[in-house]
Amino acid sequence: MIQKGKASNGVKLEYIPTTCPYCGTGCGFYLKVRAGELVGVALSKTHPVSQGRLCVKGVTSWESVIGSDRLKKPLVKKNGKFIETSWDKALAMVAGRLSELKEKYGPDSLGVWGSARCTNELNFLAQKLARAVFGTNNVDHCARTCHSPTVAGLVRSFGSGAMTNSIDEIKDAACIFAIGSNTPEAHPLIGWRIRTAKDKGAKLIVCDPRKIDTAQYADIYIQHYPGTDIALLNCMMNVIISEGLEDKEYVRTRTEGLEELKKVVEKYTPEYTSPIVGVDAELIVKAARLYAKTRPASLVYTLGLTEHTVGTENVMSVANLAMLTGNVGVESGGVNPLRGQNNVQGACDMAALPNFYPGYQKVDDPAIQEKFEKAWGVNLSPKPGLTTTDQVIQAKAGKIKGLYIIGEDPLTSDPNITEVRQSLEKLEFLVVHEIYMSPTAELADVVLPGASFAEKTGTFTNSERRVQLINKAIEPIGQSRPDWQIVCDVATRMGYPFKYADTAEIMDEIAALAPIYGGISHDRIRKVGLQWPCPDKSHPGTKYLHKGKFTRGLGKFHGIEHKPPAEVPDDRYPFILSTGRMRFHYNDGTMTRRTHILDREFPFMFVEVNERDAERLSLRDMNDCRVSTRRGQLTVKARVSDRVKEGVLWMPFHYTEAPANLLTNDAFCPIARTGEYKACAAKLEKVV
Amino acid sequence: MPVISKIEIKNASITKNNLFALLDKISKEKTLIAPVRNELEDVDFLPVDNAAAICFDYDNTASSAKEFFFPQYECMFTFSGASNASIKDKNGNEEIVLFGLRSCDVKGMKLLDKFYQRTFEDDYYLSKRRKSVIISVACPELNEQCFCTATETGPVLLEGFDIQLISTGEDYAVQIGSQKGLELFEKYKRLFGPEVAVDVKKLLAQAKKKEPKFNLQKVYENLKEDKVDEKFWEDIASRCQSCGLCLFLCPTCSCYTVTDKDTPLGESRRSRQWDACYFRGFTRMAAGYDPIRNNKEMIKRKYLHKLVQQIDEFETSGCVGCGRCNLVCVGNVNWLDNIIKIERAG
Numbered sequence: 001m002i003q004k005g006k007a008s009n010g011v012k013l014e015y016i017p018t019t020c021p022y023c024g025t026g027c028g029f030y031l032k033v034r035a036g037e038l039v040g041v042a043l044s045k046t047h048p049v050s051q052g053r054l055c056v057k058g059v060t061s062w063e064s065v066i067g068s069d070r071l072k073k074p075l076v077k078k079n080g081k082f083i084e085t086s087w088d089k090a091l092a093m094v095a096g097r098l099s100e101l102k103e104k105y106g107p108d109s110l111g112v113w114g115s116a117r118c119t120n121e122l123n124f125l126a127q128k129l130a131r132a133v134f135g136t137n138n139v140d141h142c143a144r145t146c147h148s149p150t151v152a153g154l155v156r157s158f159g160s161g162a163m164t165n166s167i168d169e170i171k172d173a174a175c176i177f178a179i180g181s182n183t184p185e186a187h188p189l190i191g192w193r194i195r196t197a198k199d200k201g202a203k204l205i206v207c208d209p210r211k212i213d214t215a216q217y218a219d220i221y222i223q224h225y226p227g228t229d230i231a232l233l234n235c236m237m238n239v240i241i242s243e244g245l246e247d248k249e250y251v252r253t254r255t256e257g258l259e260e261l262k263k264v265v266e267k268y269t270p271e272y273t274s275p276i277v278g279v280d281a282e283l284i285v286k287a288a289r290l291y292a293k294t295r296p297a298s299l300v301y302t303l304g305l306t307e308h309t310v311g312t313e314n315v316m317s318v319a320n321l322a323m324l325t326g327n328v329g330v331e332s333g334g335v336n337p338l339r340g341q342n343n344v345q346g347a348c349d350m351a352a353l354p355n356f357y358p359g360y361q362k363v364d365d366p367a368i369q370e371k372f373e374k375a376w377g378v379n380l381s382p383k384p385g386l387t388t389t390d391q392v393i394q395a396k397a398g399k400i401k402g403l404y405i406i407g408e409d410p411l412t413s414d415p416n417i418t419e420v421r422q423s424l425e426k427l428e429f430l431v432v433h434e435i436y437m438s439p440t441a442e443l444a445d446v447v448l449p450g451a452s453f454a455e456k457t458g459t460f461t462n463s464e465r466r467v468q469l470i471n472k473a474i475e476p477i478g479q480s481r482p483d484w485q486i487v488c489d490v491a492t493r494m495g496y497p498f499k500y501a502d503t504a505e506i507m508d509e510i511a512a513l514a515p516i517y518g519g520i521s522h523d524r525i526r527k528v529g530l531q532w533p534c535p536d537k538s539h540p541g542t543k544y545l546h547k548g549k550f551t552r553g554l555g556k557f558h559g560i561e562h563k564p565p566a567e568v569p570d571d572r573y574p575f576i577l578s579t580g581r582m583r584f585h586y587n588d589g590t591m592t593r594r595t596h597i598l599d600r601e602f603p604f605m606f607v608e609v610n611e612r613d614a615e616r617l618s619l620r621d622m623n624d625c626r627v628s629t630r631r632g633q634l635t636v637k638a639r640v641s642d643r644v645k646e647g648v649l650w651m652p653f654h655y656t657e658a659p660a661n662l663l664t665n666d667a668f669c670p671i672a673r674t675g676e677y678k679a680c681a682a683k684l685e686k687v688v
Numbered sequence: 001m002p003v004i005s006k007i008e009i010k011n012a013s014i015t016k017n018n019l020f021a022l023l024d025k026i027s028k029e030k031t032l033i034a035p036v037r038n039e040l041e042d043v044d045f046l047p048v049d050n051a052a053a054i055c056f057d058y059d060n061t062a063s064s065a066k067e068f069f070f071p072q073y074e075c076m077f078t079f080s081g082a083s084n085a086s087i088k089d090k091n092g093n094e095e096i097v098l099f100g101l102r103s104c105d106v107k108g109m110k111l112l113d114k115f116y117q118r119t120f121e122d123d124y125y126l127s128k129r130r131k132s133v134i135i136s137v138a139c140p141e142l143n144e145q146c147f148c149t150a151t152e153t154g155p156v157l158l159e160g161f162d163i164q165l166i167s168t169g170e171d172y173a174v175q176i177g178s179q180k181g182l183e184l185f186e187k188y189k190r191l192f193g194p195e196v197a198v199d200v201k202k203l204l205a206q207a208k209k210k211e212p213k214f215n216l217q218k219v220y221e222n223l224k225e226d227k228v229d230e231k232f233w234e235d236i237a238s239r240c241q242s243c244g245l246c247l248f249l250c251p252t253c254s255c256y257t258v259t260d261k262d263t264p265l266g267e268s269r270r271s272r273q274w275d276a277c278y279f280r281g282f283t284r285m286a287a288g289y290d291p292i293r294n295n296k297e298m299i300k301r302k303y304l305h306k307l308v309q310q311i312d313e314f315e316t317s318g319c320v321g322c323g324r325c326n327l328v329c330v331g332n333v334n335w336l337d338n339i340i341k342i343e344r345a346g
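Chains as they are written, first to last, in my numbering: chain C, 1 to 688; chain E, 1 to 346.
Honestly, the hints are just simulated from the structure, not real lab data.
A couple of the hints might just be wrong.
As the list claims (entries may be wrong) - Calculated cross-link-like contacts (lysine-lysine; reagent style DSS-like; alpha-carbon spacing at most 27 Å):
| # | chain 1 | residue 1 | chain 2 | residue 2 |
| --- | --- | --- | --- | --- |
| 1 | C | K198 | E | K261 |
| 2 | C | K45 | C | K472 |
| 3 | E | K231 | E | K28 |
| 4 | C | K72 | E | K300 |
| 5 | C | K200 | E | K187 |
| 6 | C | K203 | E | K296 |
| 7 | C | K637 | E | K25 |
| 8 | C | K267 | C | K45 |
| 9 | E | K114 | C | K198 |
| 10 | E | K187 | C | K472 |
| 11 | E | K187 | C | K203 |
| 12 | C | K12 | E | K28 |
| 13 | C | K12 | E | K25 |
| 14 | C | K200 | E | K341 |
| 15 | C | K203 | E | K25 |
| 16 | C | K211 | E | K296 |
| 17 | E | K30 | E | K261 |
| 18 | E | K28 | E | K114 |
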């Protein structure tokens, strides 16, 4: 039976202001709602971040959360199959099993994974669940897969791990140094600021193993090998110091540790460094001079730096470079890690992290512990917990027995997913919150359907520390519920009532406990949000950090030696395989693969191969080929161009049916525990 | 059947207060769509249930109102099972009155009216348009981004409107230009005042003299004869990031894609949603062949379509000079700047 379409002539059209659910740029726009359904996206000209613009993912985000296979009811695994059940039964099972495991094996046998895709309020409750209810600090989230080296590195260099300047300042920089960031594809509205700066006459230096869009219009483009950033940066500092181009006054008054830095960078002359990075010595010299002499200079980076076994050191190296040239604590300058997810900044701020309480207050600081024990009325553990990386490892070792994972899919997004599967299969209990079924959720004992960004009110914090509202536009689909409410029910059933009327009330508790959020409330952020630090209710928020002095007082230089990736090419596996993101898809493709226009643009997995490498293998564009590493193999289409450097392969990780992380190396930065997604050894064969 | 049945222009007037009263009445008796300024200071068309919600003080709205006739997403029909079916018209289209549309957007609507009758009658669009009446408001002056004087789509219209308001200071001269406009006027006659004559041709000449912006004929020729340097197209192609916004926002863009999808609650729907020629997937065919060979051709196609082909076919500019696409691009492509460069080429 066919029935002609519903009333769609404009009545009941509403515009609900919200914040984009995709990347960490945090664009504002309106969801169009008609007859209780999402029917489109409208622009906001006045929003401070999006300013009347959006990227293709933002403008199609209305379609991403209304796929027919949205999870609508709680699911419980029985004899290997999922059965729909009631919330009451599902929650009883979750609370019951977790309590049993806690009783039998102790609190530290459990772990909670917050979500960089969910609100601040959810993440606050997730860590409160772990700490106050389970009794463990084993709480973490997917920042572990990307920017935890940023937090670890910048805390060591500056005392604070956040993007130092604001997004809009980038367009007024005199020089932009972008390393390990495919800005126009991963952060289009920040890429816009780079484009604008260049159009206004700024100088642009781009360092990336792939000839990305910004490389095409850069003044200097450095195409270095993946995993050679420290050498490159040390060399630039070598040139700057030997030519006397450093900001001597700034270094003298605002930093410490210059001698240690000088000692290490001394040997990284252009001639020494050139063969390591695979770049002409002269080009590095040019870049160093241009960056040092053009002020203010904004340094922008993302996962090209962090997703390495030396991720934390990479971050400290860019911090070194920026401090050396006096570019931190100045407008339109700074060290600007572009956070990837809509709320990864917030999830860190809320301390879905094993070693902090909300607001980056240390878990092993007795005074802080006392403060939270008082606030929450329970004893808390003084022992920092395990990261997601180590929870997975310890699950395999039999130490972690139960995991509570909210909105994350490690079976797609962690490195070496074969290992991850073995670990998760060993768990005695796994509960997962999801909006769509995922490979990880398939393994769970209980799957709880969560409400999407369009179905709840709460806050996200973007990369420039701006706390913004998302507003409920439609009712939760099916029987899905906002994740924060699910967590409240679990906590209450486990003996600690979490009673909050709404998310505004949760934010009030956050403000009372986390000084950097002290002045944040839903009412205050309704129009343009507020950037932390915002210590009290009259504070207007903070545009850029480290003005006058660093969070830790003096900025600290660290002398850092180049170290190659954990796995380098050899005879059997002669290529460097790197992985990353595309403009039209987002992370594991949960939302973008279900959006018509996005999936249409790039519907299948591929590997980027350099023209000369392709020729040697008699490989042509769109031929099938097999990419293999020590961990697995995938047969995919070859995309041949001069985009990747010779000797380098690149794959997106957006396709769960051909997961790139089958191939990647589970080698981790020892400090930040982030995986080396950006470099491992691979071989390439034509498939006939 | 034309969407607008033209009549000989009838002149009237309305005071500011009476306009408010008129709109307030309409908002309660019919569905009124008007510009609304929200608490974030964005101005756009939304349904209003009283005149106090209307914003009268704006340059132009963020969108052109095509959403109400050609929505970003629209369910065309629902279906279930495989048996023979009959289409039940559940399209609850009521009459809407749209207030506050600018001349450029009226012209845009007119072009869409023609387009959706071009080869067959697109009932989804036309049924809504035929039940709508538009009270448009001429712009007192152009702003930096708009250029209706060059595309001959404003700031005031000679014909092709239902009811046109032209500011006379605090109050308005009223022109009724269609059968539907006349019917609306007749219904609320008491609120209108005596005829105030306006020399529209003079107003247009003055506006064009003051801000000519560019010569459309020159642009048309330079494009048609391919006189523009390749580097110009290469630059735009290198900036475009396929967000689709310049086309989604455009008052005359009419492209859509059709999908058959189930909703989360199990209803099977055929729907259509805005699509744009600035996605490679838009033109790419089965087996991956794309008749648009590169991004340069993709970019060029839009300029040719709006500034040559639609002029040839519809005898009116395909671009209505609203200026919205100038400030929507993350690659900093400014359509107006580019047209002026095209004018100067050759």
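Here's how the hints hold up against the structure:
{"no.": "1", "hint": "C:K198 with E:K261", "in the structure": "43 Å, violated"}
{"no.": "2", "hint": "C:K45 with C:K472", "in the structure": "21 Å, holds"}
{"no.": "3", "hint": "E:K231 with E:K28", "in the structure": "56 Å, violated"}
{"no.": "4", "hint": "C:K72 with E:K300", "in the structure": "46 Å, violated"}
{"no.": "5", "hint": "C:K200 with E:K187", "in the structure": "56 Å, violated"}
{"no.": "6", "hint": "C:K203 with E:K296", "in the structure": "26 Å, holds"}
{"no.": "7", "hint": "C:K637 with E:K25", "in the structure": "63 Å, violated"}
{"no.": "8", "hint": "C:K267 with C:K45", "in the structure": "51 Å, violated"}
{"no.": "9", "hint": "E:K114 with C:K198", "in the structure": "42 Å, violated"}
{"no.": "10", "hint": "E:K187 with C:K472", "in the structure": "40 Å, violated"}
{"no.": "11", "hint": "E:K187 with C:K203", "in the structure": "64 Å, violated"}
{"no.": "12", "hint": "C:K12 with E:K28", "in the structure": "14 Å, holds"}
{"no.": "13", "hint": "C:K12 with E:K25", "in the structure": "18 Å, holds"}
{"no.": "14", "hint": "C:K200 with E:K341", "in the structure": "19 Å, holds"}
{"no.": "15", "hint": "C:K203 with E:K25", "in the structure": "58 Å, violated"}
{"no.": "16", "hint": "C:K211 with E:K296", "in the structure": "19 Å, holds"}
{"no.": "17", "hint": "E:K30 with E:K261", "in the structure": "33 Å, violated"}
{"no.": "18", "hint": "E:K28 with E:K114", "in the structure": "31 Å, violated"}
Violated hints, listed in ascending order, are 1, 3, 4, 5, 7, 8, 9, 10, 11, 15, 17 and 18; each of the other numbered hints is respected by the structure.
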